[in-house]
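Student: Please construct the entire structure, taking both the sequences and the accompanying hints into account.
Under the numbering used here, residues 22 to 622 are what the sequence shown spells out, in order.
Think of the hints as simulated: they come from the structure by calculation, not from any bench.
You may find that some hints are simply not true.
To be verified - For each label pair, taking beta carbons as the anchor points, the in silico distance ranges come out as:
1. GLU388 to ASN280: 34 to 42 Å
2. LYS123 to ASP586: 53 to 61 Å
3. ASN186 to ASN225: 18 to 26 Å
4. LYS336 to ASN562: 23 to 31 Å
Stated by the list, open to error - Within a straight-line C-alpha distance of at most 27 Å, the following computed DSS-like cross-link-like pairs (lysine-lysine) qualify:
5. LYS191 to LYS216
6. LYS545 to LYS502
7. LYS612 to LYS509
8. LYS328 to LYS339
9. LYS192 to LYS239
10. LYS216 to LYS612
11. LYS354 to LYS339
12. LYS239 to LYS165
13. LYS545 to LYS328
14. LYS275 to LYS339
15. LYS194 to LYS242
16. LYS216 to LYS233
17. LYS466 to LYS498
18. LYS191 to LYS233
19. LYS107 to LYS91
20. LYS545 to LYS557
21. LYS354 to LYS330
22. LYS339 to LYS551
23. LYS336 to LYS551
24. LYS339 to LYS69
25. LYS336 to LYS310
26. LYS233 to LYS336
27. LYS69 to LYS93
28. LYS172 to LYS192
29. LYS430 to LYS385
30. LYS216 to LYS203
31. LYS233 to LYS295
32. LYS242 to LYS172
33. LYS275 to LYS242
34. LYS339 to LYS302
35. LYS131 to LYS63
36. LYS75 to LYS63
37. LYS295 to LYS239
38. LYS63 to LYS83
We put the beta carbon where it would ideally sit given N, CA and C, even for glycine.
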Amino acid sequence: MIKRFLLTCLTIFAVLFNTAKAQISDQDAVANQFYSNGEYDKALIIFKQLYQAKNGSSIYYKEYLNTLLKLKLYDDAEKIIIKEIKQNPVARLDLGALYQEKGDLASADKIYNSVIQQMQPDQFSINDVANAFYGTGNFDYSIKTFLVGRKLLEDDNIFSYELINLYRYKKMKDELTQESLKLIENQPELLPMIKGSLSRTYENNEDYNILKVLLLKKIQKDPQNINYIDLLAWQYIQQQQYDLALIQLIALDKRTNGNGVKVFSLGDLLFENKAYETANKAYNYLIEKGQNSTYYIPARVAILRSKNKQILDEKYSKEDITNLVNDYEILLKEFGSSAQTIFAIRQLANLKAFYLNQLDEAEKLLESTLNFPNSRPQTLAEVKLDLADIYILNNERWEAALLYGQVEKSFSNEPLGQEAKFKNAKLSFYNGDFTWAKAQLDVLKASTSQLIANDALDLSLLIQDNLAFDTTGNALKIYAKADLLQFKNLDNQSLTTLDSIALLYPQTDLLDDILMLKSKIYTKQNDFVKAADTYKNIITNYDDSIWSDDALFQLGVLEEDKLEDKINAQKHYQQLIEKFPGSLYVIEARKRFRNLRGDAL
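Tutor: Shown next as structure tokens:
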């Protein structure tokens with residue numbers, strides 16, 4: 022009987038306790054909602070009750086204090102802070118924050134400094150003080166706490182992470198740099214983290230120069246520290262001083278008897294940034310290490326790719342092309358013609374066909390690859406597309422159409438098949454079969470490849486608009502002929518043909534299309550000023566053209582990359598973003614715009 026009575030009492034007590042606990046929890050939630058809504062007077066009533074309840078002073082101290090401060094009830098706030106200090110001396114910082122809130126900065130500083138001076142050599146209590154300062158937004162005092170803490174603990178390397186984060190937040194770049202160098206001196210494995218931290222904080226070349234000056238001093242004192250050399254090379258890369266970066270990484274590779282991985286990675290980075298000359302130096306260094314080195318073959322491949330891009334992107338002579346062809350032939354002689362060297366055969370055939378007019382040789386090179394064993398189906402399909410392009414150059418249009426059709430059938434609904442379908446439609450356009458070409462292009466407007474879909478839409482609209490104006494299609498046939506001539510790299514003939522359209526058909530609707538094709542040819546000829554002027558003509562006089570967004574983007578790229586006119590490049594990117602938000606080029610234009618504006622990317 023007694024046991025049952027006790028069990029009943031315990032059950033009633035548990036129910037009452039849980040009910041009271043739930044009520045407090047509900048009150049807490051309501052008070053916090055009032056506080057979040059800025060209804061501090063209502064929140065104060067509840068927080069005061071919770072604070073005055075049993076054990077409430079230790080649970081709801083901060084909420085009650087913050088509400089009092091919001092209502093500027095400073096006397097009441099001071100009373101509960103003084104009460105809290107008896108239990109928790111760190112609460113003296115709250116008293117300092119109160120004086121700071123009241124505008125009594127001298128009293129606040131006096132308290133803050135006294136708290137720091139009275140710290141004991143205990144890592145955890147020092148952290149508590151620094152975090153308390155951080156919580157009230159007193160970042161300078163948080164930094165001071167950690168620095169004094171180092172002296173108390175007699176350890177100049179402790180609190181490095183905390184200080185680096187504070188220096189980053191405060192943009193104290195000198196201190197951040199010095200602390201970062203100190204950290205990697207003791208923990209070299211953190212070098213990647215330090216690079217990321219610095220890149221997110223530095224804003225211009227002057228900031229990187231801070232790092233360079235300190236690094237050069239460090240290297241002078243400790244020339245064997247490879248982390249300093251690595252970081253110096255990284256700094257040069259950020260400032261686009263690629264030659265200096267390469268010198269440092271080659272020195273690092275030699276000093277560590279490395280396999281060349283950093284040099285090779287730098288070469289690829291330089292290639293992507295169109296710094297071909299320095300990229301070639303990087304690859305040459307790896308080639309000169311000999312056939313047994315890890316990156317000998319990749320460097321042989323990469324340097325040909327780089328030279329190819331360098332020659333074709335810049336003004337070149339027939340001798341340049343011939344020398345490059347010789348390099349490819351040497352590579353193929355050394356490694357043989359096989360599925361592993363198809364990439365080189367394709368590039369060699371392209372040079373022979375489009376730049377040396379050696380069409381038959383180019384055809385034979387590509388045709389031979391179709392019988393290589395162990396070739397990937399996708400690689401063979403890419404070869405067929407290359408071969409079909411060369412058939413067009415050699416006026417073997419039927420053969421070209423057959424190969425395009427084979428690839429389209431084998432890779433239906435895949436990007437490669439859609440590319441083949443577009444090329445076949447373009448071939449029909451060259452042949453003057455505009456109706457069939459447009460039917461194929463209209464299918465491709467839903468292509469999974471945005472680039473193909475956009476090109477298909479542009480060409481479809483060009484056909485549609487001009488056949489509506491001229492049902493005979495005579496002017497369009499001449500335009501198609503000019504387009505084929507530029508595809509064959511017969512650029513001067515193409516320009517002459519384009520000029521004839523306006524003379525023969527002065528009322529043609531093709532004038533903006535003619536200008537766009539001319540811009541493409543001028544760019545290919547490295548006549549960037551004339552190309553830019555032609556783009557401006559489209560933007561000014563044909564603002565409703567399908568080429569308006571293309572012209573704005575390509576003009577911005579020319580101004581940024583070739584004409585060194587960053588101001589106008591930024592202006593034209595912004596104009597594109599605002600006027601054509603749905604354009605294919607908007608994402609890249611926005612990225613370039615932000616970079617020119619100096620945003621941290």
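Student: So, for every hint listed, does it hold in this structure?
Tutor: Going through the hints against the structure:
no. : hint                         : in the structure
1   : GLU388 to ASN280: 34 to 42 Å : holds (39 Å)
2   : LYS123 to ASP586: 53 to 61 Å : holds (55 Å)
3   : ASN186 to ASN225: 18 to 26 Å : holds (22 Å)
4   : LYS336 to ASN562: 23 to 31 Å : holds (30 Å)
5   : LYS191 to LYS216             : holds (18 Å)
6   : LYS545 to LYS502             : holds (18 Å)
7   : LYS612 to LYS509             : violated (33 Å)
8   : LYS328 to LYS339             : holds (14 Å)
9   : LYS192 to LYS239             : holds (23 Å)
10  : LYS216 to LYS612             : holds (22 Å)
11  : LYS354 to LYS339             : holds (22 Å)
12  : LYS239 to LYS165             : holds (26 Å)
13  : LYS545 to LYS328             : holds (17 Å)
14  : LYS275 to LYS339             : violated (38 Å)
15  : LYS194 to LYS242             : holds (22 Å)
16  : LYS216 to LYS233             : holds (13 Å)
17  : LYS466 to LYS498             : holds (23 Å)
18  : LYS191 to LYS233             : holds (21 Å)
19  : LYS107 to LYS91              : holds (24 Å)
20  : LYS545 to LYS557             : holds (17 Å)
21  : LYS354 to LYS330             : holds (22 Å)
22  : LYS339 to LYS551             : holds (23 Å)
23  : LYS336 to LYS551             : holds (15 Å)
24  : LYS339 to LYS69              : violated (88 Å)
25  : LYS336 to LYS310             : violated (31 Å)
26  : LYS233 to LYS336             : violated (36 Å)
27  : LYS69 to LYS93               : holds (15 Å)
28  : LYS172 to LYS192             : holds (24 Å)
29  : LYS430 to LYS385             : holds (24 Å)
30  : LYS216 to LYS203             : holds (13 Å)
31  : LYS233 to LYS295             : holds (24 Å)
32  : LYS242 to LYS172             : holds (25 Å)
33  : LYS275 to LYS242             : holds (20 Å)
34  : LYS339 to LYS302             : holds (23 Å)
35  : LYS131 to LYS63              : violated (34 Å)
36  : LYS75 to LYS63               : holds (21 Å)
37  : LYS295 to LYS239             : violated (32 Å)
38  : LYS63 to LYS83               : holds (16 Å)
Violated hints for the displayed structure, listed by number in ascending order: 7, 14, 24, 25, 26, 35, 37.
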